[in-house]
Amino acid sequence: MPTAIKVESLSKAYQIGQFSTGTISRDIERWWALARGKEDPFLKIGEKNDRSSKGESDIVWSLKDINFKVEQGDILGIIGKNGAGKSTLLKVLSQVTTPTTGTIKMKGRISSLLEVGTGFHPELTGRENIFLNGAILGMTKAEVARKFDEIVDFSGVERYIDTPVKRYSSGMYVRLAFAVAAHLESEILVVDEVLAVGDAEFQKKCIGKMGNISKGEGRTILFVSHILNMVKSLCQKTMILEDGEIQSIGATDDMIQYYLSSKKNAIKEWDSGVVGDFIAELNFARITDSDGNSVEFIDINEDAFLEYTYTVKEGGYMFNPNVHVYDQNGNYIFVTSDDNVNSRFDKGIYQSKVKIPSHFLNTGIYTVGLALTSYPGTVIHFHEADALTIEVKEDIRKRENPYTGTIPGVIRPKLEWKTMKKKQI
Amino acid sequence: MNIKDNYPESGEWDLIITPGKKWFDLQLRQLWRYRDLLMLFVRRDIVAFYKQTIFGPLWYFIQPIATTIVFVFVFGNLAGLSTDGLPQPLFYLAGITAWNYFADCLKKTSTVFRDNQAIFGKVYFPRIISPFSIVISNLLRFGIQMLLLVALIIYYLIQGIDFGPGWTILLLPVFVLFMALQGLGLGMIITALTTKYRDLSYLVEFGVQLMMYATTVIYPLSSLGGKMYWVVALNPMTFVIEGIKVSTLGEGILTLQTMMYATSITFVIFTIGIIIYNRVEKNFVDTI
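Sequence order for the protein chains is F and E.
Numbered according to my numbering, the first sequence spans residues 1 to 425.
Numbered according to my numbering, the second sequence spans residues 1 to 288.
Any given hint could turn out to be false.
To be verified - DSSO-like cross-link-like pairs, simulated, lysine-lysine; straight-line CA separation at most 30 Å:
#, chain 1, residue 1, chain 2, residue 2
1, F, K237, F, K264
2, F, K69, E, K282
3, F, K205, F, K166
4, E, K107, F, K166
5, F, K204, F, K69
6, E, K107, E, K51
7, F, K81, E, K282
8, F, K237, F, K69
9, F, K393, F, K418
10, F, K393, F, K81
11, E, K282, F, K105
12, E, K282, F, K141
13, F, K69, F, K205
14, F, K414, F, K263
15, E, K51, F, K141
16, F, K166, E, K51
17, F, K6, F, K237
18, F, K81, F, K6
19, F, K141, F, K166
20, F, K268, F, K347
21, F, K6, E, K282
22, F, K6, F, K105
23, F, K237, F, K393
24, F, K393, F, K414
Stated by the list, open to error - Label pairs and their calculated CB-CB ranges:
#, chain 1, residue 1, chain 2, residue 2, range
25, E, P173, F, Q203, 51 to 59 Å
26, F, R167, E, D14, 39 to 47 Å
27, E, Q52, F, E143, 24 to 32 Å
28, E, M228, F, A145, 51 to 59 Å
29, F, Q351, E, D14, 51 to 59 Å
30, E, L31, F, A145, 18 to 26 Å
31, F, Q203, E, L31, 31 to 39 Å
32, E, L31, F, P2, 26 to 34 Å
33, F, H383, E, S264, 55 to 63 Å
34, E, L147, F, E143, 35 to 43 Å
By construction, these hints were calculated from the structure, which means they are not laboratory data.
As the structure is a computational prediction, the values presented were derived from the model and not from experiment.
Glycine residues also receive a C-beta, built at the ideal position from the N, C-alpha and C atoms.
I would like the entire structure built from these sequences, with the hints used as guidance.
Right under this line is the structure:
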């Protein structure tokens, strides 16, 4: 198959911190350096985009030396942690912003769906918005008109097509918006996690439509998602981004396996001033066994503890430590908080830990978010959404059940069972 | 789809994205490709305006009529400023109508980046379309207000007052274009600068007000002498307003020199506007 997209040594630098101050002096500094024929001082400094440590400079490389090709008709999945550069890559590909260095070459028209319903105007009717949104996404009026019936049909909002969209329910709104996007005629589609909205049935329909687009019409799709199952069902090839660099690119199943195992971290430390506000900040988190020793993974047969340490820099607040757990597809499993804390904390270093009882989570990989909230006013001092990634493992030989296969489900509680003979027959 | 085998090797790409920036790029080809979007934006602005107000276009009449009455009272009667021998309402209404169009174009264009932040951050289309659509949709309002002026002109002609445009009425579209381009140019400069220096946006409302007094909206250029004449004459809008008064009312200053000055200053402002807008447009998403 011919190449549809070719990306060569693509990089993108961002300036972080205060934008409004010192910009003129920086501009002058830059012009002065360039005028003397020296290297651009802005480009010289730079480092990995790693959020857990504080950078030396205020320039962050969101993408660094990205090279890849996509063949026509392929669906390439792009996965990676928050801040790995996925969104930046999509933005550069869809021309919302320009790269700092490197080139992207494309064959055919490109449309990007970084959001559904971009430019929808609440006062306009469904019909008017279809045309407007279609045009924003790069279609001509004639193209939209030709596909109009199909779009309305796909969205399932025929009855309300001449009603202003401000009266639509959010579900209808999303359906209509996605229907427009799904009927784009461009040869290359760049899709962000827009599919995560809408009900399950409609999601399925959308995935089917996307699959058809690529197989049936030979279009190329770049698909970014957190939801690994969706990537799995849609993409043949997947790219893993980490800290702005391509970590690996290959068959989707291999990549997801690799991604999940590389993502695991049962212990993590944060530099001062990175996660938190002026009242409290997160320092350290780990998993321990019941003796307080750090462990790499949780044994399903043993109790384990999630433990995190934070500094309270300003006393006098009623703190409420809370922990959020997600499965590998990003589904929220549970939230738990320490509700026994009744007194106000004074300054100091604190540690909170929560017991994960044995036979509670099923085997698998989970993401743990750590947060600290204070009352009254529900102020969130820090919330590190993917602080730890933990694996729950099981030694099958210890299983009390003769079955040796994988047991499905998110939780694996040991429930009370009673089986008895009722009558002799 | 017609795709030749191995075409990438032959270097036939439809789109090449590089960090490079062009200094002056009207993106005419892109504008043409997105012409439907331009018209849909214009339509959206007009339709949304109508749906949101009860009186709709009636608002378009109230503002110039009220302003004209105030001007007649303050500048005509109290200050006794000359109106070039024209009936005062006519003189002020012509100036106000023209100035309003320029001011609207400028004010709306000067917030383009801020108003379209969300959409610019999510999807690509030639950014220049947004300011252009503003200038076009404002034409509707200008047209409606012009009807008011025409009605007033007819009224005074019936009254037997001797005035009126000659062949110069043919130049009206040219002056309207100049107003649009100047409003667009200045607005694009301001919106580009406000992405970096936000406080500038506070100056706009106030600045436009001040600029009006330095333009011949409430007094004729012919009433000025010496230094004052030159200060006002150098104002890029002055000869455009004068031109509009000549072409609609037949009074004002219009010579080959003033026409050339108006043409060249419009061109300069518009060009600078495009250049600065294009420079900022590429990466503004990263900074705002």
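Could you tell me which of the numbered hints above are not met by this structure, giving the numbers in increasing order? The structure conflicts with no hint, since it agrees with every one listed earlier.
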